[in-house]
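Protein sequence lines correspond, in order, to chains V and C.
Sequential numbering of the first sequence, starting at 0, is according to numbering that gives the first Met the number 0.
Sequential numbering of the second sequence, starting at 0, is according to numbering that gives the first Met the number 0.
Among the hints, erroneous ones may be present.
[What the hints assert, rightly or not] Derived pair list, reagent style DSS-like, types lysine-lysine, alpha-carbon separation capped at 27 Å:
(1) V:K53 <-> C:K335
(2) V:K438 <-> C:K386
(3) V:K413 <-> C:K335
(4) C:K413 <-> C:K386
(5) V:K386 <-> V:K333
(6) C:K220 <-> V:K38
[Stated by the list, open to error] Facing chain C, a subset of chain V residues (Cβ under 7 Å, in silico):
(7) E12
(8) G14
(9) N27
(10) Q30
(11) V159
(12) G199
(13) S246
[Stated by the list, open to error] Sample of chain V residues facing chain C (criterion: CB under 10 Å; computed from the structure):
(14) P32
(15) P47
(16) T120
(17) S151
(18) F308
(19) R395
(20) L399
(21) G430
Since the hints were derived computationally from the structure, they do not count as laboratory data.
Note that the Cβ used here is the ideal one computed from N, Cα and C, for glycine as well.
There are 2 protein chains.
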Amino acid sequence: MQSYHMTPRQFREYGKELIDWIADYYENIEQYPVLSQVKPGEIFNSIPEAAPEKGEDFQSIMQDVDNLIMPGITHWQSPSFFAYFPANTSFPAILGDLLSSGLGVQGMIWATSPAATELETRVMDWLVQAMGLPGHFHSSSTGGGVIQDTASTAALTAVVAARERITNFASNARGIEDKLVAYVSTQTHSSLEKAIKIAGIGLENLRLIEVDGDLAMQPGKLREQIEIDRKAGFAPFFVCATIGTTSSNAIDPVRAIGEICKKENLWLHVDGAMSGSALICPEFRKVADGLELADSFIFNPHKWMFTNFDCDCFWVADKKHLIRSFSILPEYLKNKATESGAVIDYRDWHIQLGRRFRALKLWFVIRHYGTEGLRHHIRYHVELAQKFADWIRNSRQFELVVEPPFNLVCFRLKGTDEQNMELMNRINQSGKIYFTHTKLSGQIVLRMSIAQTHTTSEHVDNAWSILQEEAEKLMNV
Amino acid sequence: MQSYHMTPRQFREYGKELIDWIADYYENIEQYPVLSQVKPGEIFNSIPEAAPEKGEDFQSIMQDVDNLIMPGITHWQSPSFFAYFPANTSFPAILGDLLSSGLGVQGMIWATSPAATELETRVMDWLVQAMGLPGHFHSSSTGGGVIQDTASTAALTAVVAARERITNFASNARGIEDKLVAYVSTQTHSSLEKAIKIAGIGLENLRLIEVDGDLAMQPGKLREQIEIDRKAGFAPFFVCATIGTTSSNAIDPVRAIGEICKKENLWLHVDGAMSGSALICPEFRKVADGLELADSFIFNPHKWMFTNFDCDCFWVADKKHLIRSFSILPEYLKNKATESGAVIDYRDWHIQLGRRFRALKLWFVIRHYGTEGLRHHIRYHVELAQKFADWIRNSRQFELVVEPPFNLVCFRLKGTDEQNMELMNRINQSGKIYFTHTKLSGQIVLRMSIAQTHTTSEHVDNAWSILQEEAEKLMNV
Chain V
0 MQSYHMTPRQ FREYGKELID WIADYYENIE QYPVLSQVKP GEIFNSIPEA APEKGEDFQS
60 IMQDVDNLIM PGITHWQSPS FFAYFPANTS FPAILGDLLS SGLGVQGMIW ATSPAATELE
120 TRVMDWLVQA MGLPGHFHSS STGGGVIQDT ASTAALTAVV AARERITNFA SNARGIEDKL
180 VAYVSTQTHS SLEKAIKIAG IGLENLRLIE VDGDLAMQPG KLREQIEIDR KAGFAPFFVC
240 ATIGTTSSNA IDPVRAIGEI CKKENLWLHV DGAMSGSALI CPEFRKVADG LELADSFIFN
300 PHKWMFTNFD CDCFWVADKK HLIRSFSILP EYLKNKATES GAVIDYRDWH IQLGRRFRAL
360 KLWFVIRHYG TEGLRHHIRY HVELAQKFAD WIRNSRQFEL VVEPPFNLVC FRLKGTDEQN
420 MELMNRINQS GKIYFTHTKL SGQIVLRMSI AQTHTTSEHV DNAWSILQEE AEKLMNV
Chain C
0 MQSYHMTPRQ FREYGKELID WIADYYENIE QYPVLSQVKP GEIFNSIPEA APEKGEDFQS
60 IMQDVDNLIM PGITHWQSPS FFAYFPANTS FPAILGDLLS SGLGVQGMIW ATSPAATELE
120 TRVMDWLVQA MGLPGHFHSS STGGGVIQDT ASTAALTAVV AARERITNFA SNARGIEDKL
180 VAYVSTQTHS SLEKAIKIAG IGLENLRLIE VDGDLAMQPG KLREQIEIDR KAGFAPFFVC
240 ATIGTTSSNA IDPVRAIGEI CKKENLWLHV DGAMSGSALI CPEFRKVADG LELADSFIFN
300 PHKWMFTNFD CDCFWVADKK HLIRSFSILP EYLKNKATES GAVIDYRDWH IQLGRRFRAL
360 KLWFVIRHYG TEGLRHHIRY HVELAQKFAD WIRNSRQFEL VVEPPFNLVC FRLKGTDEQN
420 MELMNRINQS GKIYFTHTKL SGQIVLRMSI AQTHTTSEHV DNAWSILQEE AEKLMNV
């Protein structure tokens with residue numbers, strides 16, 4: 000039979016070339032401008048308008064990667080990437096992900112690859128123990144963990160499970176559903192807003208609770224708002240507290256919020272997307288005080304635990320609520336293992352039916368680094384950020400905006416908002432480093448997120464030199 | 000500085016070993032039982048209870064892959080995998096995905112990697128042309144395409160956009176929201192039920208329209224039900240038609256359904272998750288007649304277009320509706336390119352904020368095979384399935400349940416439901432081939448889904464021999 004497939008022999012050859020290409024990329028990554036310098040449409044217009052009729056060889060595809068794609072890459076893996084929150088990878092993660100692509104299993108239910116389900120359960124349990132998470136998140140208890148793609152999807156999953164729990168899983172409980180209200184702080188990530196919208200709660204039923212001087216949610220204000228809402232006939236059902244907000248790494252007081260949630264019977268979702276990784280270090284665990292009061296918790300190994308995107312770890316305190324909210328069992332998915340009740344079918348734990356074998360990359364990372372290695376690198380990032388914060392504190396040109404709990408430093412040029420934006424844009428356009436901004440208390444603030452896998456003190460020193468130099472130029476004109 | 004990272008040199012060595020491991024796997028894949036033979040808990044119990052404190056070397060991780068993980072793999076990439084719908088991969092797809100893992104870019108917005116956005120737009124446009132899809136799905140028109148993870152998520156995206164459109168994007172339009180009703184057929188994939196539930200429409204507001212003898216939705220019944228609902232004060236807003244249902248590959252009459260949707264102002268979502276791939280062949284396009292009436296359309300290259308999971312292609316006729324439903328722009332994501340309006344920010348096209356560079360693997364596949372190669376392999380699978388259907392037609396032991404339009408053959412042993420299940424379970428437990436069942440018109444039906452990348456006539460011949468032999472044994476006892 001005629002075949003257009005790549006042969007195993009060709010795969011060996013091209014695969015090894017690509018491994019070398021990737022190793023070369025990491026060895027030379029500092030030669031690229033961190034932020035891509037292309038103009039809108041430049042890449043699009045460089046690619047032919049139509050798909051090729053005839054197949055092409057691997058060399059010409061890789062030539063186009065070099066010539067057409069690479070100029071359009073913003074280098075998230077550059078050690079001088081300080082923007083947003085990182086999307087870290089590491090060599091062990093890349094290998095784990097390659098194995099997942101190679102095996103190509105789709106672990107929607109236990110039977111379709113028992114190893115995909117059971118390794119995931121085990122690795123999620125590992126993290127419960129290694130990060131000192133509440134015992135009921137462990138699979139041996141009422142709860143359990145599952146890998147989701149992103150914190151956005153996990154937030155939606157939590158909102159839906161909370162909605163179903165309060166309506167007693169009766170999807171026709173219209174009387175109450177229309178009156179549901181959810182609570183986040185003014186600093187909570189935008190994905191919660193999106194989740195509330197998608198779940199049909201309505202943005203007008205999302206309350207933004209005021210924060211204190213540290214930009215953390217004020218439990219007193221939360222209590223007041225719940226009271227106001229109850230009096231007005233609303234049905235409060237969901238609160239999101241954040242360990243490390245996106246704008247400023249603020250830490251909401253989980254215990255105080257959790258106690259209100261317990262008393263009021265609200266679902267507490269705790270978002271530790273970025274800073275959750277720090278819990279692997281015992282000395283940082285105080286920020287998670289009260290986490291045992293949470294109904295769900297997430298953190299993203301694809302941010303700060305060296306596991307490539309996408310990998311979001313999501314735990315629930317009571318898996319019954321989750322499964323009852325998401326389980327739908329058509330005939331074509333029925334099977335003996337599911338019917339036995341002895342197995343987990345993760346498709347009942349999230350939105351998607353199909354699922355990639357994501358546990359492999361997380362397993363590779365944890366085994367390669369060991370918990371010792373993970374702690375080491377997380378502590379090092381925090382140390383670098385604290386050093387940077389010190390420089391800012393003692394600076395003539397810059398000021399610290401909030402005290403950095405971990406590895407995100409929020410600061411500003413002592414000048415106007417426009418000057419701050421101008422400084423950032425000039426530096427980012429230079430391609431030397433890449434960082435981003437936010438707004439805190441109505442003011443433009445610059446963010447240095449120090450968490451890229453390969454960032455060392457040399458890169459942070461260099462960033463600081465560039466900032467000082469450019470600030471000097473800007474302010475002396 | 001002390002570092003626990005894998006070095007580029009080690010990555011080169013281990014990466015090449017892993018490339019060989021994967022090539023070996025595909026060369027030897029037929030030696031494995033297709034369906035994993037492990038018992039519940041077997042893999043879980045073989046993995047240590049706690050994460051390692053000290054890092055381990057790559058060899059010991061790979062030893063555990065061989066010894067602990069492999070027995071728990073159900074081999075989706077085996078050419079004797081005929082279960083469910085496939086989750087195909089191919090060597091070019093694995094390489095494209097490896098490159099994506101290596102680059103590790105997170106393309107949530109244009110600026111965070113222009114190439115990730117613009118290659119995706121181009122490849123989605125390629126498919127519009129290559130598959131003869133309606134012109135308004137092309138990015139140069141009102142619509143456009145985006146890669147989602149799965150058809151489930153895409154269905155939810157369509158339902159939410161439809162809900163927002165009918166409520167005029169006013170999320171507080173409670174009066175109408177409570178009365179929204181959606182329509183699918185009794186054969187529509189369960190993910191639509193899940194999407195309706197997640198979006199807060201309520202399962203009681205999902206109408207299952209009856210099908211005809213070919214298991215296709217009856218447009219007349221749809222029209223009647225819409226009329227009944229309107230009279231009862233409901234607000235019909237969404238219909239899903241399927242090109243190739245999961246149970247039997249039934250083809251809903253898209254044109255007739257689409258005309259009703261246009262007249263009634265309902266959002267028409269067309270689900271071609273599996274059979275959509277066939278549209279690359281001009282001779283199969285008649286099943287998509289009327290697709291220009293659809294508001295959204297999906298197909299999964301990760302099913303039958305040799306692109307590894309996850310890769311779902313989703314198009315909308317009018318991107319305004321989608322973006323208005325999913326766009327939320329916090330300060331920390333604001334940037335010049337977005338403000339210019341000259342670029343696409345794909346995070347506004349779906350649930351997730353973060354996104355992997357998935358276009359690479361699809362681009363690698365299309366360039367490697369060319370449209371010619373893709374057509375060749377899709378035609379070959381259809382040919383194999385039609386041959387298998389002929390054997391069934393002429394068989395003494397088996398009967399065909401429905402005429403197979405493409406590559407899914409639904410048949411049964413001339414016997415009881417229990418005998419059919421017994422036959423399937425016995426064969427699957429042998430590990431020689433793997434296929435699954437469904438229920439059609441209340442009767443157990445066996446499904447042979449012939450679409451695995453490497454399946455050849457030899458594998459289909461072998462499956463047929465096994466079926467005949469086991470049926471003989473079973474019926475003669």
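Evaluation of the provided hints:
1. Pair hint K53 (chain V) plus K335 (chain C) does not hold up; C-alpha atoms about 39 Å apart against a cutoff of 27 Å.
2. Under the criterion of a C-alpha separation no larger than 27 Å, the hint pairing K438 (chain V) with K386 (chain C) is inconsistent with the structure, at around 65 Å.
3. Under the criterion of a C-alpha separation no larger than 27 Å, the hint pairing K413 (chain V) with K335 (chain C) is consistent with the structure, at around 23 Å.
4. For a cut-off of 27 Å, the pair hint linking K413 (chain C) to K386 (chain C) stands: about 20 Å separates their Cα positions.
5. For the given pair, K386 (chain V) sits about 57 Å from K333 (chain V) by alpha-carbon distance, which is inconsistent with the 27 Å threshold.
6. Between K220 (chain C) and K38 (chain V) the alpha-carbon distance is near 52 Å, which puts this suggested pair outside the 27 Å criterion.
7. The beta carbon of E12 (chain V) is not positioned within 7 Å of any beta carbon in chain C (closest approach about 9 Å), and the interface hint is therefore violated.
8. Annotation: interface hint on G14 (chain V) holds; nearest CB of chain C at approximately 4 Å, less than 7 Å.
9. At its closest, the beta carbon of N27 (chain V) sits 10 Å from a beta carbon of chain C; the interface hint therefore is violated under the 7 Å criterion.
10. Interface hint status for Q30 (chain V): violated, as the beta-carbon distance to the closest one in chain C is roughly 15 Å, over 7 Å.
11. Because the beta carbon of V159 (chain V) sits about 5 Å from the nearest beta carbon in chain C, less than 7 Å, this interface hint is met.
12. Checking G199 (chain V) against chain C by beta carbon gives a least distance of about 2 Å; that is within 7 Å, so the hint holds.
13. A hinted interface residue such as S246 (chain V) counts as satisfied when its beta carbon comes closer than 7 Å to some beta carbon of chain C; here the least separation is about 6 Å, so the hint holds.
14. A cut of 10 Å between beta carbons decides the hint on P32 (chain V): the least distance to chain C is about 12 Å, and the hint is violated.
15. With its C-beta approaching chain C no nearer than about 8 Å, P47 (chain V) sits inside the 10 Å limit, and its interface hint holds.
16. Among the interface hints, the one on T120 (chain V) holds; its C-beta lies about 6 Å from the nearest C-beta in chain C, closer than the 10 Å criterion.
17. With 10 Å as the threshold, the beta carbon of S151 (chain V) comes within range of chain C, its nearest partner Cβ sitting at about 5 Å, so the hint holds.
18. At about 5 Å, the closest approach between the beta carbon of F308 (chain V) and any beta carbon in chain C falls short of 10 Å, and the interface hint on this residue holds.
19. Against a cut-off of 10 Å between C-beta atoms, the interface hint on R395 (chain V) is violated, since the closest Cβ of chain C lies about 27 Å away.
20. Of the supplied interface hints, the one on L399 (chain V) is violated, with its beta-carbon coming no nearer than about 18 Å to a beta-carbon of chain C, more than 10 Å.
21. Annotation: G430 (chain V) was flagged as interfacial toward chain C, and the flag is violated, the nearest CB pair being 13 Å apart, outside 10 Å.
Checked against the numbered hints given earlier, the structure breaks hints 1, 2, 5, 6, 7, 9, 10, 14, 19, 20, 21 and satisfies all the rest.
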